[in-house]
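The listed protein sequences correspond, in order, to chains Y and B.
Offset between the first sequence (1-based) and the numbering used here: plus 281.
Offset between the second sequence (1-based) and the numbering used here: plus 13.
The hints are simulated quantities; they were obtained by calculation from the structure and are not laboratory data.
Hints may be right or wrong, so weigh each one.
[Said to hold, decoys possible] Listed below are the simulated DMTMM-like cross-link pairs for lysine to aspartate or glutamate, each with C-alpha atoms no more than 25 Å apart in a straight line: (1) B:LYS88 to Y:ASP450; (2) B:LYS167 to B:ASP179; (3) B:LYS167 to Y:GLU504; (4) B:LYS115 to Y:ASP450.
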Amino acid sequence: MAARRPLARSIAAHAVLILYTLIALFPVFVIVINSFKSRRAIFAEPLALPTADSFDLVGYRTVLAQGDFVLYFQNSMIVTLVSLFLVLLFGAMAAFALSEYRFRGNSLVGLYLALGIMIPIRLGTVAILQLMVASGLVNTLTALILVYTAQGLPLAVFILSEFMRGVSDDLKNAGRIDGLSEYRIFFRLVLPLVRPAMATVAVFTMIPIWNDLWFPLILAPSEATKTLTLGSQVFIGQFVTNWNAVLAALSLAILPVLVLYLIFSRQLIRGITAGAVK
Amino acid sequence: MSGALTLTGVSKSFGKTEVIQDIDLTVEPGEFCVFVGPSGCGKSILLRMIAGLEDVTTGEVAMNGRRINELPPAKREIAMVFQSYALYPHLTVRGNMGLALKQAGEGRAAIAAATDRAAGMLSLQPLMERRPAELSGGQRQRVAIGRAIVRRPKLFLFDEPLSNLDAALRVATRIEIARLHRELGATMIYVTHDQIEAMTLADKIVVLRAGRIEQVGRPMDLYNDPDNIFVAGFIGSPQMNFLPGGLVGLSSAQVGIRPEHLTISAEAGQIAGRVSHVEKLGGETLTYVAAETPGLLTVRQFGEQDHRVDAPVWLTPDPRRILHFDAEGRRLRG
Numbered sequence: 282m283a284a285r286r287p288l289a290r291s292i293a294a295h296a297v298l299i300l301y302t303l304i305a306l307f308p309v310f311v312i313v314i315n316s317f318k319s320r321r322a323i324f325a326e327p328l329a330l331p332t333a334d335s336f337d338l339v340g341y342r343t344v345l346a347q348g349d350f351v352l353y354f355q356n357s358m359i360v361t362l363v364s365l366f367l368v369l370l371f372g373a374m375a376a377f378a379l380s381e382y383r384f385r386g387n388s389l390v391g392l393y394l395a396l397g398i399m400i401p402i403r404l405g406t407v408a409i410l411q412l413m414v415a416s417g418l419v420n421t422l423t424a425l426i427l428v429y430t431a432q433g434l435p436l437a438v439f440i441l442s443e444f445m446r447g448v449s450d451d452l453k454n455a456g457r458i459d460g461l462s463e464y465r466i467f468f469r470l471v472l473p474l475v476r477p478a479m480a481t482v483a484v485f486t487m488i489p490i491w492n493d494l495w496f497p498l499i500l501a502p503s504e505a506t507k508t509l510t511l512g513s514q515v516f517i518g519q520f521v522t523n524w525n526a527v528l529a530a531l532s533l534a535i536l537p538v539l540v541l542y543l544i545f546s547r548q549l550i551r552g553i554t555a556g557a558v559k
Numbered sequence: 014m015s016g017a018l019t020l021t022g023v024s025k026s027f028g029k030t031e032v033i034q035d036i037d038l039t040v041e042p043g044e045f046c047v048f049v050g051p052s053g054c055g056k057s058i059l060l061r062m063i064a065g066l067e068d069v070t071t072g073e074v075a076m077n078g079r080r081i082n083e084l085p086p087a088k089r090e091i092a093m094v095f096q097s098y099a100l101y102p103h104l105t106v107r108g109n110m111g112l113a114l115k116q117a118g119e120g121r122a123a124i125a126a127a128t129d130r131a132a133g134m135l136s137l138q139p140l141m142e143r144r145p146a147e148l149s150g151g152q153r154q155r156v157a158i159g160r161a162i163v164r165r166p167k168l169f170l171f172d173e174p175l176s177n178l179d180a181a182l183r184v185a186t187r188i189e190i191a192r193l194h195r196e197l198g199a200t201m202i203y204v205t206h207d208q209i210e211a212m213t214l215a216d217k218i219v220v221l222r223a224g225r226i227e228q229v230g231r232p233m234d235l236y237n238d239p240d241n242i243f244v245a246g247f248i249g250s251p252q253m254n255f256l257p258g259g260l261v262g263l264s265s266a267q268v269g270i271r272p273e274h275l276t277i278s279a280e281a282g283q284i285a286g287r288v289s290h291v292e293k294l295g296g297e298t299l300t301y302v303a304a305e306t307p308g309l310l311t312v313r314q315f316g317e318q319d320h321r322v323d324a325p326v327w328l329t330p331d332p333r334r335i336l337h338f339d340a341e342g343r344r345l346r347g
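Bound conformation, chain Y alone (with noise of 0.2 Å):
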């Protein structure tokens, strides 16, 4: 009976995060499964896999026709990956120097870097929008990639320099012992060491910048501009959905970040537990 008892409490577990999971997949499984089917199909068996009758790719073909989308895609591509370059950067050498110096204020200056966290960035966007219209940024990835930069910040520095905290101060002196700049050591004994949080970081930063529509419509929404998000909205009209195209453009949109959270999460995963497991 007592061994029994983990097993069961294991089974219990597991039935709660499948469930979980299935709960979350379901919405990416109805989008990923229609975006195969005829529109007759998706109406008649929304839930019904495709079969050999309702399988068809009009979808895909009404998306990769519209020639844009090669571009909305490399847009988002720009976006996304300048935004995290930065807010990686950026916050890696925040989060050093928070961790790292000692100076007057610097706990203050945490503090308020961290403020960002608790405040929604889209609160400002009136403020933003006439700041971008005033520098001429209107209608630029630019304008995008700074809000997002923006955004991500608060959460990479707080996470960030907390696993700085844990780097080795000997380690450090070793290096300036041995005659390595601060840079030297920011780039070649630190930042390796806390590759686990720089991928967490960067996936909880990657995913809200490619799911963005606010920003896009509202900083960026011309034809050279959009994003993936927001040039599939172009099947979506105010009396007909082309869901076809809605959910083949969809379908589309979520490979990216698929590759790019495969190469993170083994990081990922580690810098999740770390200090959980030795």
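Based on these hints, arrange chain B on the given structure of chain Y.
Okay, now just chain B, sitting in the frame of chain Y:
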């Protein structure tokens, strides 16, 4: 080649708390100097100040007569060995040892020669291409020492280098460090809280407490002729016994007597007590005697001795070896 270090009026404070207070100290060229003290006494901070890793609030740090307060650590011609080894995880043993010379812009051949020489001194040759993660604790510490040797520094700094090693390895590495000191003839400053390391390695011991120097001297001078009760109690293991002077018919407020200078007798003596515990170490026997007034006293005898626990015994101190202290714990000499 080796450097002389002079500290003049050196202090360090964090905000309002002074962690190092007005330290004056000279370390002669080629000397092995050990900073010892209980944890929190400031010995590691002082070492970091000498290394240039902590700012000096007031006072002057000078090497061979030249002020080095403002020099960055890499320019001070020092090398440091850390308690946690602090090897670069991404470099091989060879890379770890050669990095400082590479930073200093030395040629490839010179770096290889210096690393090989250091590796030879520490028998590290079979490990040269491994990474730190593939080494045991003792090997890592040898690599860390090797990394320090490669630079041919004027001054070696050791920050509790043996604390993370197990007992057997600690003794072996201690002997290794002593041998290196003889071979290199370099000035070394060594921080430890372990008074055995201090006694066995040092030419000169600096006993620190709460950011101040309590006493500086050769190990046997500190052992036989301490300036105050703190040094008397800190140096020597088992600890010196302290008792009120009146108990043994003396006028000084407190007296101290080393465990080996007490004789134990079953018939008669100056201090009456009962055996509370006996530790037989083979070569020596430590007997703990519960006396009525001063409490637990330790007696050290050579060889194997039998004392029944709870048996009444009498202790007598050797009058020539008694140290006298005043009520504040200062030594009364003469």
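Right, here's what the structure says about each hint:
For the given pair, LYS88 (chain B) sits about 20 Å from ASP450 (chain Y) by alpha-carbon distance, which is consistent with the 25 Å threshold. Between the alpha carbons of LYS167 (chain B) and ASP179 (chain B) the distance comes to roughly 30 Å, so the proposed pair goes past 25 Å and is violated. Straight-line distance between C-alpha atoms of LYS167 (chain B) and GLU504 (chain Y) comes to about 68 Å, which puts the hinted pair past the 25 Å bound. Between the alpha carbons of LYS115 (chain B) and ASP450 (chain Y) the distance comes to roughly 22 Å, so the proposed pair stays at or under 25 Å and holds.
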